[in-house]
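Undergrad: Residue numbers (the numbering used here), protein chains in the order written: chain A, 1 to 773; chain B, 1 to 467.
FYI, nobody ran anything at the bench for these hints, they're computed from the structure.
It is possible that some hints are incorrect.
As the list claims (entries may be wrong) - With beta-carbon atoms standing in for the labels, derived distance ranges: (1) ASN417(A) - GLU13(B): 52 to 60 Å; (2) ALA184(B) - GLY563(A): 41 to 49 Å; (3) VAL200(B) - ASP76(A): 53 to 61 Å; (4) ASP187(B) - THR495(A): 18 to 26 Å.
Just so we're clear, the structure is a prediction, and the values are computed from it rather than from any experiment.
The C-beta atom is built at its ideal place from N, Cα and C for all residues, glycine as well.
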Amino acid sequence: MNYNTDSIPHVLGTTLYIDDLPEASTLLHAVPLLSPTAHGTYSGLEVSEALAVHPSVRILTARDVPGKNELGMVMDDEPLLADRKWHYQGEVLALVLAATKSLARKALTKIAILNITELPAITDAREAYAQGKIILKPRVQQCGDTEQALTDCDIVIRGRVESGGQEHVYLETQGAIAFPEDTGGIRLIAGTQSPSLVQQVVARILGLPMHKIEIETRRLGGAFGGKEEQANAWAALAALGAYVTKRPVKLYLNRRDDMQATGKRHPYSSDFTIGLSKDGTIRAFEAVFYQNSGASTDLSPAIIPRTLFHACGAYRIPNVKVTGIMCRTNLVPFTAFRGFGGPQGFFVIESAIEAAAHALHMDPMELRLKNLVHTNDRTHYGMRLEDARAEATVKRCMELADWHKLRASIDEFNSKNHRYKKGAAGIPICFGISFTKLMMNQGGALVHVYHDGSVSVSTGAVEMGQGVNRKITLLTARCFGIPETRVKVETTRTTTVANTQPTAASTGTDINGAAACIAAEQIKERLLLFAAEMLHTIKTELDFSNGRLVYVKPSDKAGQDTGYSFDDIVKKAYESRIDLSAHAFYATPDLFYNMEKEHGKPFAYHVYGCAIVTATVDTLKGTYRFDTAWIVHDLANSIAPDIDSGQIEGAFAQGLGWSTLEELCFSSDGRLLSNTLSTYKVPDAHFMPEMIVEILDTPNPHAVANSKAIGEPPFMYGIAGYFAVLDALHAANPTGTLFFDLPMTPEKALRYLDNLVESPATLKTHNNIEENQ
Amino acid sequence: MQRTIRFRLNTEEHTITPEREQPALDWIRNTAQLKGTKEGCREGDCGACMVILGENIEGKPVYRAVTSCTLGLSDLDGKHIITIEGIAAAGITPVMQAFLETGASQCGFCSPGFVVALTALFIEGGPIDYHHAITAIDGNLCRCTGYGSIRRATAKLIEAFPELPKDFATRLAFLAEKGILPQALADTMHTLPEPIREIVSTTKTLGGGTDFFVQNPDPDQELIPHYTDLEPHAQQIRLEDDRLIIGSAVTMRDFFASERIRTMYPGIEQYEQYIASTPIRNRATLAGNIANASPIADMTILLLALGAELIIKNAHGSSRSLSLQNAFISYKKLAIESEERIDAIMIPATTVRISFEKVSKREHLDIATVNSALAVEEARDGTIKQARLAIGGVAPIPLILEEAAAMLLGSRPTAERILQAAERAQAAVSPITDVRGTSEYRKRLVYRLVLAHAIRLWPEREEELLP
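Produce the complete structure using the sequences and hints provided.
TA: As C-alpha cells, then:
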C-alpha cells in the first residue's frame, strides 16, 4: 500500500481508544476531586453526603495509598493524592469511584473541603527566584569569555523575552483502565508515552514489585509530550482504585479536568545580551532563562538543559554564557511538550537577532545567514558539528521563497496600502537528537516470526499518531524482504519489552526502529543459514526479496528464484527446530557528557532546516492572517515520506499556535482561566497558511536506515510566524517599540500599534557604532 | 418522566423513553455502543463527536453535520442520526480514501469527525469548492496534521466530485453509486421517521441546546426540556406586514441562507463564517442565542442593530412584545419570566446596510473579545435616516449605543462625524478584563470597530479614518 494502513481503522471509526474499550459490568468509573485554588491548606474532607449518592460510591484519599504516595521521579515533591495542603489549582485531593461516571460526578459535587486556609500563590518565575524558590541548582553552559568579548563588540544589545505556556490539546484526554489480577497485582491499559515509567510509579504507589504490574499502551489519540511524565498520576489513580476495590476502574478525564490538572509547556522569562561586530558577526551571547517550573519538579531538570543546548539556535557564536534556573511557582507542574525547552531557547536567540538586525539596519535574514553554524564548528557545549546543513537549508529556503523578490513585493504592498501591512520572517533550526539524559538512549525489541511466515514486532515505542508503527513495519518488512502486510506491530507492553524509555525526544524510530532491525536481522541470519545448508550454498549468496528466497551476488545464479518463498523457508526452519524469535537491544553509540563541565557530545546528530513565513496584519483591528510558509527540512533518507511531511506540517502548526494564537492565561492568584477549548484556541483549518515543504534528503549515517528523527525540530519553524507579524507591525509603525512577548495575540499587536508597549520588554542599546561610522 | 421519542440511528428505527435527558453523544456511545463518535471537548469546539442530523425543515428532509455533545437526546424525535458507523457500513468511502491517500489521519481521534463533516457536505449538495469544503470542516480540530494533508484530501475530493445533482433523491442515488454513502443508508434518507410528539410537562424550553449542554454537560435527572423545533412554523422566516417574523427554531444557518434575509440586508451572508462553526450554526437558534443572554452573543448583536423585537409567550398562550434592546437586565439575565419564552423574533422589513465586526483570538469559531454591528437605513441620496450601533463584550449586557449612532444621522457622514461617533462609543463603555482581553484593550477596540464599520459602509472615507 502506498499509504499508512495503520490509519484505516481511524477513518472507519473503528479504532479503540481508552474510552472505547468494552467495559466489564463490575467496572467503576473514577473522577478526581481537584484543588479549587492555587495554594492552600485544609483539615480534611466531609464525604458522608457524597457516599449517600449511591451505594457504589467510594472515595479514596492519601490515606488509602498502600505504598509511597509520591509521583516525583527526581524529588519527592509531587504526592499522588494531596494530604491537607495543595500547591497548585488542579492538584488531586481525592478519587471518587462509582458505577457510572454520572454518579461519580454527582458524588464529587457533594464533597466538602473542610477549613480551607488560602495561602499566597506565586505565579511568576522571577518572583519565585527572588524569593529563593528554585528547584535544584541553576545550570550554566559557557564557552569563550563573554565578558571580554562584549567589551570588544561594536554593538551590544540587551533585552527581555517572554514566552507563554502551551496546552497540549491532545484530542484524546488522559486516561487509564486498571484491572485487579488474581496474582495480587494490577494490569493497566494506560494512555502513556512511557509504559515502563507508569509501571515503576504504580509499583511504588502500591508497594509492589514491578513484575506485579503490567502496563499495556494500545495507542494514543495524540500526546505531544503531555503523556510522558504527566500520564503517571491518572494510571496510578486508576490502579489504586482497582487495588482497593478489587474491581476494574476506569479514569478518563473530561477536557476541563484535563486542562486544569495536567502539566503544559513551561512559560519562560529571559534576559539576553548579544554583542556583534558592525558587519553583523555575532561575537558574544549571554542569556538567563527563568523557567516557570510550576509546583513540582516533574521533568523540569531534563527540560532546562535542552533550553541551554539550543540557546544559540543555528548560529556560530564564539563566546557564550547561558544560565537556566528552575523556579518553583504555584502553577500546575509544567512538563514535556514537543521541543522540550528547545523552543523557549530558540525564541530568545531569534529575538536577540531580530533586535540586532534592527539596530544595525540589516535584513534580519541576511544577518541570520551570515552567522549560521558550519561543519566542524563546535557548539558552546563542545560538540563538533558533523555535516552541518544549516546553510544548505537556509539558502534553499530563501531560493524557494524567492526572498529578495518577496521582500520587494512586500515593501511595495506596504507602500501602497495603509490599512493592511504585510511582513515576512525566516528562522533556521539546528536541533540535537537524543535524550539529554544519557541513560535514556536505549531501547529493546522483540520479534517473532510465526511459522506461517507472518511477523510480529514489539518494541518500547508508543504509537500516538506520529507513525512510529508504520516506520517500524516498513523497516522490519524491508529487512525480511517481505510485503509490509506480513508485519504487525504490537501494542506496547511491559511484559514483552521491559525497562523501556518514553517515546519522546523524537527518538521513537531511531531507537526502537534500530532495535527492531537488529532483532529481525538475527532471525533472518538464522533463516539464511538454514536455507543455505538446504540449498548447498552459502548464506551470502541468498536473500529474501518480495517474499521470495532469491540468489544474489556473488552467486552465479544471482537474480534467480530459489523456488522457495519466505514462508516456505520459515515453515521448514520451524520444523527443523530453529528459533524464530529474537530480542534485541539498541543503545545510541558515542554519546558522552560531563555534567560538571557542561561539555561533551550529548546528541547523536542534529537536524537542520529553515522556514520563511509571511503574514498580513489588519492595522485597524490588530488582527492578522498568515499567508504562506516555505519550509526546507533536513529529513535525510525518509523511511515514510508521507508521515514525515505530516509531522513537519503538524509540528509547524503547533509552533505557529504557540507563537501567536495559543494563550495560556492564569489569574494573578494562580487560577487557570483558559481551561476549556472555548477559551484556549488552537489552530484550525482556516488559521494555517499555505505550506510549501521541500526535503533535503542527504543520508544520515547516525540513525536507522540513514534517516533523521522528525517529531520535534519542525515545531521551531512556527516562531517565524511571530516575527512575520512583528515585521508587518513594524511596517505600520516604524517607530514602535519592538517586543518579544510570545504569543503574539491581537491584543499585543494592537498595543504595539497604539505605542503602548511597556518598557521592560524594550531594548537598551549600548551602541558605539555611530562613533565608528 | 421523559417523553417517548422515535428516531432513526443509521439504518435502524428506535423508539425509546430515555430515563433522563442527556447529550445524544452519551446515548450513541454508551447505549447504542457506537464508539466511532468521540468525546473530545464536550462543548462543541472540537468536532470529534460530529454526526449527521436529518430533520424535516419546512416538510423536507434536510441533512446537516452537528456536534452530538450539544444535541439533546429527546430532541431526536422524528429525526435521523447518521454516525461514522453508518457511513462506514459498506467499507471505505471516497472521503475516507482521500484521507488515507494524503496521510490526513495521524492519531486518528479526530478523523471520524472530519469524515462525517465532509460527507455531510456532499449530502447537502451545495457547491463543492475549496471555500465550501473548508467551511464544512471549520468546526473540526486536528492537533496532529497542521491541516496540510486534510486540505489535500479535500482538494482531491473536490476534483473527484466537482458537481452534485441538485435534486435530493437524484443526489442520494449518485452518492450511493459513488460509494460516499452506503446504498442501504441512502435508501432510508428519503423520508424521516414520524415524530411521536408526546406532550409532557416540561421544565425548560431549549432551541438547539448548543449552549445549554456546554453549561450543563451532565444535566440533572429532573430536566425535561421542550425543544422548539417541533412547533408549527417555528422554523419559518415569514413576512407579515412590514416585519420579518423569525420563528423560535430558526437556526443561524437558515437565517443566513434565507433569500428574504439576504435580499433585505444585502451582504449579510458574508458574516456567517465568523459566527460559531458549521455544526453549531446548523443547530443553534437565534432565539436561543438571545435567551442565553450572553453579552457577547454574535447573533444578538446583529439583531440588535437590525432593531429586533421579541414576541414573548407565556404558559397560557398569551403573548407580549419586548424590544430586544430592553430585553437584557443584567449578566445572563433576560427581562422575561420563568414561565415565559421567546416565541419569535421580529425585525423591521426595511432594507438596511449592515456591517458586522468581531475581534477574537482566532478568526473562526471563537468567542469575540468585542463584537459590533452597525445598521444604517439610507435614503436614495445617501442620507442616513436611521442608524443602530450594537456592541458586545463591553458590559454585562449587549449594548445599543444611541448617542454614538446619532452622530451618523443626516447627510452622508464625514470623517469628522465618524471619528466623533467612535469617540462617543468608546466613552460610553466600561468593560471588564477577562481571559479574552483587558478592559483598556476592549475600549480601544470599540473605537476601532466603529471605524471599521464606517470604512465598510463608506469606503471612500478609508484614508481619512485610518489611525
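Undergrad: State for each hint whether it applies.
TA: Each hint, compared with the structure:
no.: 1; hint: ASN417(A) - GLU13(B): 52 to 60 Å; verdict: 59 Å, holds
no.: 2; hint: ALA184(B) - GLY563(A): 41 to 49 Å; verdict: 48 Å, holds
no.: 3; hint: VAL200(B) - ASP76(A): 53 to 61 Å; verdict: 57 Å, holds
no.: 4; hint: ASP187(B) - THR495(A): 18 to 26 Å; verdict: 49 Å, violated
The structure fails to meet hint 4 from the earlier list, while all remaining hints are met.
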